[in-house]
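Undergrad: Using the sequences provided together with the hints, build the complete structure.
Protein chains in written order, with the working numbering: chain A, 2 to 238; chain B, 314 to 402; chain C, 314 to 402; chain D, 2 to 749.
Source of the hints: derived by calculation from the structure; they are not laboratory data.
Check each hint, because a few of them may be wrong.
If you anchor each label on the Cβ, the simulated ranges turn out as follows [said to hold, decoys possible]:
id, chain 1, residue 1, chain 2, residue 2, range
1, D, L402, B, K346, 27 to 35 Å
2, A, K178, D, E700, 50 to 58 Å
3, C, S402, B, K346, 18 to 26 Å
4, D, E627, B, K346, 15 to 23 Å
5, D, N745, B, D350, 22 to 30 Å
Built from N, CA and C at the ideal position, the CB exists for glycine as well.
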Amino acid sequence: MTVKLAVIQFAGSNCDLDTIHVLNNVVDGIEADLVWHNLFKESKYDGVILPGGFAFGDYLRAGIIAAHSPAIDEARVMLDDGRPVIGFCNGFQILTEAQFLPGALLRNDSLKFICKWVNLKVENNTTALSNKMNIRDVLAIPIAHAEGRYYTDNLKELEENNQIVFRYSTENGELTKEANPNGSLENIAGVCNLEQNCVGFMPHPERASEAILSPKRTTHGILFFNSIVEFIKRRIS
Amino acid sequence: MNRQEFQVEITLMNKPAARDPVGETIQKDLLAKKGYDMVFNVRSGQFLSINLKATDENEAKKIVEKMCNDLRIFNPVTQNLTILKVSKS
Amino acid sequence: MNRQEFQVEITLMNKPAARDPVGETIQKDLLAKKGYDMVFNVRSGQFLSINLKATDENEAKKIVEKMCNDLRIFNPVTQNLTILKVSKS
Amino acid sequence: MTRVNLNGEEVDVELTKWEFEKVKELLGREPNLTEIGMASVMWSEHCSYKSSRPKLKMFEDAEANYDYVLAGPGQDAGVIDIGDGYCLAFRIESHNHPSAIEPYHGAATGIGGIIRDILCMGVRPIALLDPLRFGSLKDNPHSQWLFKYVVKGIADYGNCTGIPTIGGEVEFDESFESNCLVNVACIGLGSIEDFKHAPSRAYNPGDYVILMGGSTGRDGIHGVTFASRTLTEMSEADRPAVQIGDPFTKKLIIEATLEAVKTGYVRGLKDLGGGGLTCATSELTGDGNTGAKVDLRKVFTREPGMNSYEIMLSESQERMTFIVKPEGLETVLDVFRKFEMNFAVIGRTDDSKILKVFDEKNLVVNIPSKALSESPTFKREEKKPDYLDDLLTQKTPKSSLGLDEIIYRLVASENICSKEWVYRQYDHEVGIRSVVKCGEGDSGVLRIIGTNKFIAASVGVNSKHCFLDPYEGAKGGLVEICGNIIANGAKPMAMVNCCNFGNPEIPESFWYFSQAVEGMNNFCREMRIPIVGGNVSFYNEDDVKKTAIKATPIIMIVGVIEGEDKIITLPFKKAGNDLFLIGETKAELGGSEYHSLIYNLQGGIPPKVNDKKAKATWDFLFDLYENDLVKANHDVNKGGFIITIAEMCFNNNLGAELKLKGCYDENLRDDEFLFSESVGRFIIETDPKDYKIIIKKAEKFGADIKKIGVLIPKPEINIKGLKLKELNLNIKQLKNLYDSTIPNLMEI
Ligand SMILES: Nc1ncnc2c1ncn2[C@@H]1O[C@H](COP(=O)(O)OP(=O)(O)O)[C@@H](O)[C@H]1O
Ligand SMILES: [Mg+2]
Numbered sequence: 002m003t004v005k006l007a008v009i010q011f012a013g014s015n016c017d018l019d020t021i022h023v024l025n026n027v028v029d030g031i032e033a034d035l036v037w038h039n040l041f042k043e044s045k046y047d048g049v050i051l052p053g054g055f056a057f058g059d060y061l062r063a064g065i066i067a068a069h070s071p072a073i074d075e076a077r078v079m080l081d082d083g084r085p086v087i088g089f090c091n092g093f094q095i096l097t098e099a100q101f102l103p104g105a106l107l108r109n110d111s112l113k114f115i116c117k118w119v120n121l122k123v124e125n126n127t128t129a130l131s132n133k134m135n136i137r138d139v140l141a142i143p144i145a146h147a148e149g150r151y152y153t154d155n156l157k158e159l160e161e162n163n164q165i166v167f168r169y170s171t172e173n174g175e176l177t178k179e180a181n182p183n184g185s186l187e188n189i190a191g192v193c194n195l196e197q198n199c200v201g202f203m204p205h206p207e208r209a210s211e212a213i214l215s216p217k218r219t220t221h222g223i224l225f226f227n228s229i230v231e232f233i234k235r236r237i238s
Numbered sequence: 314m315n316r317q318e319f320q321v322e323i324t325l326m327n328k329p330a331a332r333d334p335v336g337e338t339i340q341k342d343l344l345a346k347k348g349y350d351m352v353f354n355v356r357s358g359q360f361l362s363i364n365l366k367a368t369d370e371n372e373a374k375k376i377v378e379k380m381c382n383d384l385r386i387f388n389p390v391t392q393n394l395t396i397l398k399v400s401k402s
Numbered sequence: 314m315n316r317q318e319f320q321v322e323i324t325l326m327n328k329p330a331a332r333d334p335v336g337e338t339i340q341k342d343l344l345a346k347k348g349y350d351m352v353f354n355v356r357s358g359q360f361l362s363i364n365l366k367a368t369d370e371n372e373a374k375k376i377v378e379k380m381c382n383d384l385r386i387f388n389p390v391t392q393n394l395t396i397l398k399v400s401k402s
Numbered sequence: 002m003t004r005v006n007l008n009g010e011e012v013d014v015e016l017t018k019w020e021f022e023k024v025k026e027l028l029g030r031e032p033n034l035t036e037i038g039m040a041s042v043m044w045s046e047h048c049s050y051k052s053s054r055p056k057l058k059m060f061e062d063a064e065a066n067y068d069y070v071l072a073g074p075g076q077d078a079g080v081i082d083i084g085d086g087y088c089l090a091f092r093i094e095s096h097n098h099p100s101a102i103e104p105y106h107g108a109a110t111g112i113g114g115i116i117r118d119i120l121c122m123g124v125r126p127i128a129l130l131d132p133l134r135f136g137s138l139k140d141n142p143h144s145q146w147l148f149k150y151v152v153k154g155i156a157d158y159g160n161c162t163g164i165p166t167i168g169g170e171v172e173f174d175e176s177f178e179s180n181c182l183v184n185v186a187c188i189g190l191g192s193i194e195d196f197k198h199a200p201s202r203a204y205n206p207g208d209y210v211i212l213m214g215g216s217t218g219r220d221g222i223h224g225v226t227f228a229s230r231t232l233t234e235m236s237e238a239d240r241p242a243v244q245i246g247d248p249f250t251k252k253l254i255i256e257a258t259l260e261a262v263k264t265g266y267v268r269g270l271k272d273l274g275g276g277g278l279t280c281a282t283s284e285l286t287g288d289g290n291t292g293a294k295v296d297l298r299k300v301f302t303r304e305p306g307m308n309s310y311e312i313m314l315s316e317s318q319e320r321m322t323f324i325v326k327p328e329g330l331e332t333v334l335d336v337f338r339k340f341e342m343n344f345a346v347i348g349r350t351d352d353s354k355i356l357k358v359f360d361e362k363n364l365v366v367n368i369p370s371k372a373l374s375e376s377p378t379f380k381r382e383e384k385k386p387d388y389l390d391d392l393l394t395q396k397t398p399k400s401s402l403g404l405d406e407i408i409y410r411l412v413a414s415e416n417i418c419s420k421e422w423v424y425r426q427y428d429h430e431v432g433i434r435s436v437v438k439c440g441e442g443d444s445g446v447l448r449i450i451g452t453n454k455f456i457a458a459s460v461g462v463n464s465k466h467c468f469l470d471p472y473e474g475a476k477g478g479l480v481e482i483c484g485n486i487i488a489n490g491a492k493p494m495a496m497v498n499c500c501n502f503g504n505p506e507i508p509e510s511f512w513y514f515s516q517a518v519e520g521m522n523n524f525c526r527e528m529r530i531p532i533v534g535g536n537v538s539f540y541n542e543d544d545v546k547k548t549a550i551k552a553t554p555i556i557m558i559v560g561v562i563e564g565e566d567k568i569i570t571l572p573f574k575k576a577g578n579d580l581f582l583i584g585e586t587k588a589e590l591g592g593s594e595y596h597s598l599i600y601n602l603q604g605g606i607p608p609k610v611n612d613k614k615a616k617a618t619w620d621f622l623f624d625l626y627e628n629d630l631v632k633a634n635h636d637v638n639k640g641g642f643i644i645t646i647a648e649m650c651f652n653n654n655l656g657a658e659l660k661l662k663g664c665y666d667e668n669l670r671d672d673e674f675l676f677s678e679s680v681g682r683f684i685i686e687t688d689p690k691d692y693k694i695i696i697k698k699a700e701k702f703g704a705d706i707k708k709i710g711v712l713i714p715k716p717e718i719n720i721k722g723l724k725l726k727e728l729n730l731n732i733k734q735l736k737n738l739y740d741s742t743i744p745n746l747m748e749i
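TA: Spelled out as structure tokens, the structure:
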């Protein structure tokens with residue numbers, strides 16, 4: 002069985018084609034369509050991915066204008082009936098601005114855009130984006146963003162509800178300040194909603210799914226996509 | 314009903330808990346470059362000047378307030394909104 | 314000479330002849346699409362609130378102007394500096 | 002400025018007396034102000050190359066002489082066929098003057114402009130590169146300001162448009178203190194079909210002329226004239242408002258344009274850059290041998306009340322002109338509608354060979370299409386500067402510093418140290434093609450998805466070398482930049498250049514330009530590298546010191562690697578492996594980082610290129626690659642061979658044991674051997690079992706090669722066999738210095 006995913010192309014998305022490439026040519030079991038944000042209809046899809054980029058230039062605030070796109074209304078239907086709604090990088094920013102996910106993403110504390118490979122520690126392995134991982138796995142994956150400093154005024158609740166899915170760590174899984182590239186609260190890199198079908202995080206799994214692109218020839222990015230497939234399969238069966 | 318043109322000026326500033334790296338950096342630069350040690354605090358924010366049609370100043374202000382809330386022009390998790398000024402334009 | 318604490322609020326905005334893609338996009342892709350068609354223009358800028366010690370309001374203002382120029386907090390080629398307010402803090 | 006009598010009135014025009022008469026002659030009547038404005042932008046140095054064209058003519062006709070060159074100089078970008086149905090378009094351009102006064106938007110709009118040039122060829126922009134020049138950062142807030150905001154401008158624009166910046170270079174030298182250099186290059190990839198669909202010409206009468214993208218404002222009128230003078234000649238008040246970049250709109254223009262080209266109805270494509278609508282319409286029709294009628298009032302303007310002069314000369318950003326087949330009009334417009342782009346059908350082409358511009362009913366411009374696109378040229382005088390003879394005879398002074406101390410200082414010098422501070426701010430991975438990324442090799446290597454083909458690209462030149470000898474310096478630049486992609490395993494396929502020089506009206510400045518062009522030309526012919534494009538930026542002068550910048554003929558090379566297993570990378574791989582130095586080291590310390598950093602000396606004997614040796618070295622390396630004999634490779638340049646070794650040690654916690662006795666000419670001093678910047682050298686790592694075969698191959702090709710040592714599993718470099726003493730260098734310490742220089746200068 003193949004699952005059907007939509008990758009939304011907002012005005013200004015720029016990892017849309019990269020994500021489509023990985024979904025259709027690298028990982029198994031997925032058939033993905035690139036869908037212009039004004040034309041998206043949720044009923045055709047098992048899940049939706051909001052890709053990275055600069056939707057509407059990230060003008061005013063990363064993700065805010067895109068959060069008002071008709072695509073988000075469609076995605077809300079999917080959110081409510083438990084289908085995966087996933088955001089990478091700009092997609093994560095959009096999901097927080099649309100209030101699908103708690104918290105906000107602020108400017109990196111260095112005030113600079115940062116493009117580099119980081120390590121990510123898995124904190125919750127039951128979500129739509131992490132069920133193929135083990136807790137405390139450390140994954141190699143790149144980030145590329147200027148507004149990725151995660152902030153919430155509700156940290157306790159997130160912790161209690163197990164909504165923190167990924168944190169930036171060292172290669173050995175330590176949550177140090179040096180391992181935190183952007184000043185995120187408690188090294189938080191990604192979070193989920195209570196139902197765990199909506200997950201967003203700052204890194205770019207589509208850039209970490211082929212050995213040739215990875216400094217250490219890892220393909221950890223694939224785990225994220227496989228998790229989406231698995232989540233859909235479990236949901237359906 | 315006669316509609317006129319108004320200008321509403323607003324600022325969006327990070328709440329203290331969300332920090333303000335821009336302000337902090339300017340302040341740090343100031344101290345580093347000396348000569349400006351009389352400056353003891355800098356806060357930064359976003360400024361928007363909005364021109365709109367409304368019947369009066371009160372309505373202009375109301376519209377902007379509603380718009381900012383409904384469309385989340387400011388993010389209530391991290392920011393405060395201040396309406397600085399409403400004037401005829 | 315008695316020094317007191319002042320607060321100076323300034324904005325840095327693109328000159329009127331220069332474009333402001335941020336304001337344009339907010340107006341066109343957000344406000345207009347969400348029914349706020351009474352808004353016909355949005356200009357964005359940076360807002361800074363600066364606390365400093367000075368002998369009087371005039372000096373406070375002068376210091377801020379000089380500082381913004383010297384430290385290249387804005388570039389007069391593309392931006393205008395406006396002092397919104399000087400007040401005792 | 003010239004004062005002329007126009008229809009009985011005295012007016013100032015941006016034309017020489019001679020050019021003004023020429024306009025009158027071409028029209029057979031008095032021109033009006035709009036027409037004069039159009040002539041002055043089209044004939045500005047920036048658009049017309051009036052000083053440089055006679056010289057650039059010497060470049061051979063790449064389209065005629067290389068079967069894989071699809072578009073050569075004169076087009077918006079060079080285009081080459083790389084096989085498998087794909088073509089690459091690439092070009093480089095300067096944005097020096099705007100960046101010197103507004104680094105953020107100046108650099109950003111530079112990126113915007115070069116992206117449009119590539120888009121014009123109907124292909125997707127897939128990579129950016131950015132060779133930059135500033136004054137020293139040390140204790141210099143102005144240089145720090147320029148550097149910080151130029152990098153941020155490039156980052157914000159490139160990142161937002163989703164085009165990775167995959168490489169570049171930065172040099173710091175006092176001659177660039179007030180007139181920094183911001184050159185930007187872009188590479189596009191597409192099918193050969195896409196490229197053929199959309200020439201930058203309007204060949205057919207009856208097609209629609211469509212303007213798409215941003216609105217037209219009063220900004221940037223006479224931007225090209227600004228670029229055609231020195232910074233001081235224009236006071237603050239004269240300076241056109243620097244443009245504000247809008248990368249979001251640009252991203253939509255890219256997508257809308259590519260989708261429009263895919264419809265098959267686009268018959269011509271031209272960006273609006275310098276010279277705005279004037280340049281676009283007259284080049285489209287002039288080069289296409291057609292004419293057009295255009296209605297200015299259809300143009301969507303940003304400000305009310307803009308007159309015809311302003312609309313024709315505005316250089317507002319983010320605009321494209323499309324020439325569209327009549328039957329495809331609605332299809333193309335639907336694409337623009339989908340992306341919510343502004344557009345206007347502003348006219349139609351015809352066979353009149355005349356460009357007629359109407360302001361509603363009034364005919365405001367009536368010029369033969371070719372009149373402006375073919376401009377007059379000037380022959381400039383050249384003279385070798387008098388100071389050079391003295392500089393060339395300067396000797397290295399005595400130093401009280403130990404060689405190891407000098408090496409630690411060199412590795413921390415601004416010109417040698419890591420540029421990570423820069424490229425971390427660039428999204429160099431978007432597009433998922435980046436295989437050898439910034440900092441991982443001498444060049445940027447991209448995969449072409451769907452093939453087993455890779456392309457490599459590198460840019461740069463050594464300005465200090467060019468200052469002493471522009472002819473050899475330009476050739477040396479080619480050797481180095483080719484060397485960069487060769488080090489990663491790629492064969493050089495084509496070159497574009499960006500000539501940054503001083504005022505061409507000064508014979509000494511023009512001499513530099515002339516010499517550099519001859520050097521590039523001779524070397525490229527010898528090596529069979531087609532020159533497929535270029536850009537000239539004159540009038541780069543330090544307005545305080547009244548001197549020209551150091552001559553900077555930036556070179557960009559792209560090449561192809563056939564297969565993933567043929568990619569070579571920089572870091573050392575395995576202890577026990579052999580190290581070879583390929584190429585000859587001569588006493589060439591002129592313009593070296595060693596001279597300038599340790600002695601503050603500009604002079605000495607600069608490196609000279611031996612074409613035959615360079616060729617032999619390259620052929621030898623490719624033969625080694627063919628047989629998979631090379632484990633790591635890095636070309637030798639700034640700082641000399643010892644710096645090269647150190648850089649190769651940084652990644653894998655390895656070190657080197659060097660035995661240098663007999664490895665170099667006995668007449669060389671130790672410092673000459675260690676720090677010479679002789680061009681065309683490489684350090685390679687190989688398996689010891691291949692020693693004999695490697696030496697044999699070197700003999701066969703006539704390449705100079707010396708085994709200089711072996712890799713050791715400790716992070717240190719031990720050097721034996723120098724004349725003075727043994728050296729022991731600590732890699733961790735070298736790496737710390739290498740990494741921390743720019744952050745320390747910029748962040749504290
Ligand atoms: N301005 C820049 N933009 C992007 N990358 C840069 C820039 N400057 C240097 N780099 C990258 O840093 C690395 C080292 O550059 P450089 O020292 O110039 O190389 P080389 O050793 O060939 O002289 C390369 O990967 C290069 O592309
Ligand atoms: Mg190199």
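Undergrad: Each hint should be assessed against the structure and marked as holding or not.
TA: Right, here's what the structure says about each hint:
Range check, L402 of chain D to K346 of chain B: Cβ separation about 32 Å, and the 27 to 35 Å hint holds. A hinted range of 50 to 58 Å holds for the C-beta pair K178 of chain A and E700 of chain D, which are about 56 Å apart. At about 23 Å, the beta-carbon gap between S402 of chain C and K346 of chain B stays in the expected band of 18 to 26 Å. Checking the proposed 15 to 23 Å range against E627 of chain D and K346 of chain B shows it is violated: the Cβ atoms sit about 57 Å from each other.
The beta-carbon spacing between N745 of chain D and D350 of chain B, approximately 23 Å, falls within the hinted interval of 22 to 30 Å.
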